[in-house]
Amino acid sequence: MSENLATSRTASRWKPRRKWSQWSERLVYVLFGAFALLSIATTAGIIASLVFEAIEFFKAVPFTHFLFDGEWTPLFANPQYGILVLISATLMTAAIALCVAIPLGLMAAIYLSEFAAPKLRRWLKPSLELLAGIPSVVHGYFALIFVTPILQALIPGVEVFNALSAGLVMGIAILPTVASLSEDAIFAVPQSLRQGAYALGTTRREAIQNVVLPGALSGIVASCILGMARAVGETMIVTIAAGQNPRPIKPDLSFLDPRLSVQTMTSFIVQVSQGDAPVNSIEYKTIFAVGMTLFIITLLLNIISFWFVNRFRESYE
Amino acid sequence: MALTAALVDTDTVLSVENLSVYYDRFLALTQVYLNIPQRCVTAFIGSSGCGKSTLLRCFNRMNDLTMGCRVQGKISYRGTDLYAPRVDPVELRRQIGMVFQKPNPFPKSIYENIAYPIRINGYQGDVEELVEQSLRDAALWDEVKDKLKQNALSLSGGQQQRLCIARALAIEPDILLMDEPCSALDPISTARIEDLIKQLRTQYTIIIVTHNMQQASRISQMTAFFNSSSGEAGAGAGYLVEYGTTEQIFTDPRQDLTRDYVSGRFG
Ligand SMILES: Nc1ncnc2c1ncn2[C@@H]1O[C@H](COP(=O)(O)OP(=O)(O)O)[C@@H](O)[C@H]1O
Ligand SMILES: [Mg+2]
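Protein chains in written order, with this note's numbering: chain P, 1 to 317; chain G, 1 to 267.
These are calculated hints, taken from the structure and not from any lab test. Warning: the hint list may mix true and false statements.
[What the hints assert, rightly or not] A few chain P residues that face chain G, going by a derived Cβ cut-off under 8 Å, partial list only:
#1 Ser24
#2 Ala188
#3 Ser192
#4 Leu193
#5 Gln195
#6 Gly196
#7 Glu206
#8 Gln209
#9 Asn210
#10 Leu213
#11 Tyr284
Virtual Cβ for every residue (Gly too), placed ideally from N, Cα, C.
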């Protein structure tokens, strides 16, 4: 201990409160550790309950039926549990959303980082991010009340509840995420690379297309995948605007007709949760099986995006 | 200027008349007159912040890209006013290449780093051949010929800088601007690049900014010494103190300021 150490001449003047600080160090360590542990434990608990109830579900419904059945009729007298019905609807609405969000988001990102004056950028970027804060219930009713009638006027055969309207508006909903994250990636491309390109006699378009965008590619792709993960998990818009109509998987591909009402994984969960499915009934357990599937899909998307960023990130050094 | 005539080809490629440069309201460089002769190395020396890079960036109009940068006065490039409205800066930069202080290869393969500017400028001949030639010109070929597909960022700093020189040479510019190309490099890499510059100066007009006075005296035929009015970096307007052959500037400076600087008494 300190008594054994050689002390300076003025040692008597220095009396650090080592005891107290050692104690407080330990307290801080324990306290913060506990909170960190708490958040991990909560996550683990959620996953555990998902897995537990999902296992219960698969005791009643064979796994192969879940994966390969062509119909989703869990509330019928003779129920069928073909999850592909819900997955296909989820992926279809998400794909429509990405068709809106990727081109618009990328254009917005390129404009913001390459063309907008710094002053304008300082205003526009936060405003864009503010858009992400619009409650999705607002988006949902916007789709139902505003977009759907327009689609019905333009395209024959569009139902009141339909995948197209929900998907388009969902695209607008995830647009700020895609644009903002892509913009971060594009803005992070060092200025020296742009200068290097210009100094070689490239035009602005050439520099953006051949140097800036490839340099930001990993971040752009990651932003699109995260946008997709959000679209897959999005609940309110599809529940309100896409309806609750699980379409059987048929060779005529009618289940992929975006004009029709569909049921996504999330809107199914809402539907059952709204009803009075008794705890431990098979309907109740279905929620967890679907929730588990949803969780795996979004987890996979996040892992892919994470992997992509790490695999393809340019270090520029 | 009998000395100059004896040493260098006096055909002027760049002629600077009463040039002043502002960043917004800040006067960075004031009233510069300067004639850059063809096919030799001109060094810009002077302490930090006296506008050497600013002047260099006027020559290929890189400062067009800097928000708030304004240029007054005239620069003629082989008789053409550089800042005339009909001059296309993209076309100009193809003629007047630039190498930067920090190596900035593109995050692409070594080959692509050189093939890209060749292709983008519409080269009609054999791209592969020109890539090899450029790498040879930049004294890098032997080191990279077996790994052309490798990412350029995997090269060492000195190799990256020579790659950037190769990239600039690939499009066969008329003038090569170099802004402290060795300042981020170790002494061995620096020596290699100096050798390279000595070889290139028979074919190209080179303007090099350097902090290193030995370097200026080793590689340049002409030297321009800059200072800033307050003497303090970044505070005042930069101006040209003295311009002459390197020999004259280093052995027989006309200005006391130059004498102090080249003898290492300040800066
Ligand atoms: N983009 C810019 N915006 C504002 N001021 C600048 C900019 N670039 C350079 N300056 C200022 O102009 C002066 C000259 O800079 P510079 O040409 O880089 O000097 P040097 O290359 O001789 O060190 C400095 O005072 C610097 O702060
Ligand atoms: Mg400089």
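Hint check, Gln209 (chain P) versus chain G [nearest Cβ-Cβ separation less than 8 Å]: violated (10 Å)
Interface hint compliance - Gly196 (chain P) to chain G, C-beta minimum distance less than 8 Å: holds (4 Å)
Interface restraint verdict for Tyr284 (chain P) against chain G (beta-carbon cut-off 8 Å): violated (52 Å)
Leu213 (chain P) as an interface hint toward chain G, with CB separation required under 8 Å: violated (12 Å)
Interface hint for Ala188 (chain P), Cβ within 8 Å of any Cβ on chain G: violated (12 Å)
Asn210 (chain P) as chain G interface residue, shortest Cβ-Cβ below 8 Å: The hint holds - Asn210 (chain P) has a Cβ within 8 Å of chain G, the shortest such distance being about 7 Å.
Interface restraint verdict for Leu193 (chain P) against chain G (beta-carbon cut-off 8 Å): This hint holds: Leu193 (chain P) lies near chain G, its Cβ roughly 6 Å from the closest one there, short of 8 Å.
Restraint check, 8 Å cut-off on beta carbons, for Ser24 (chain P) near chain G: Ser24 (chain P) check fails; min Cβ-Cβ to chain G is 45 Å, beyond 8 Å.
Supplied contact hint for Gln195 (chain P), tested at 8 Å Cβ to chain G: At 7 Å from the nearest chain G Cβ, Gln195 (chain P) passes the 8 Å test, so the hint holds.
When the least beta-carbon distance from Ser192 (chain P) to chain G is tested against 8 Å, hint result: holds (4 Å)
Restraint check, 8 Å cut-off on beta carbons, for Glu206 (chain P) near chain G: Constraint on Glu206 (chain P) satisfied, holds at 6 Å.
In the structure shown, a violation is registered for the earlier hints numbered 1, 2, 8, 10 and 11, in ascending order.
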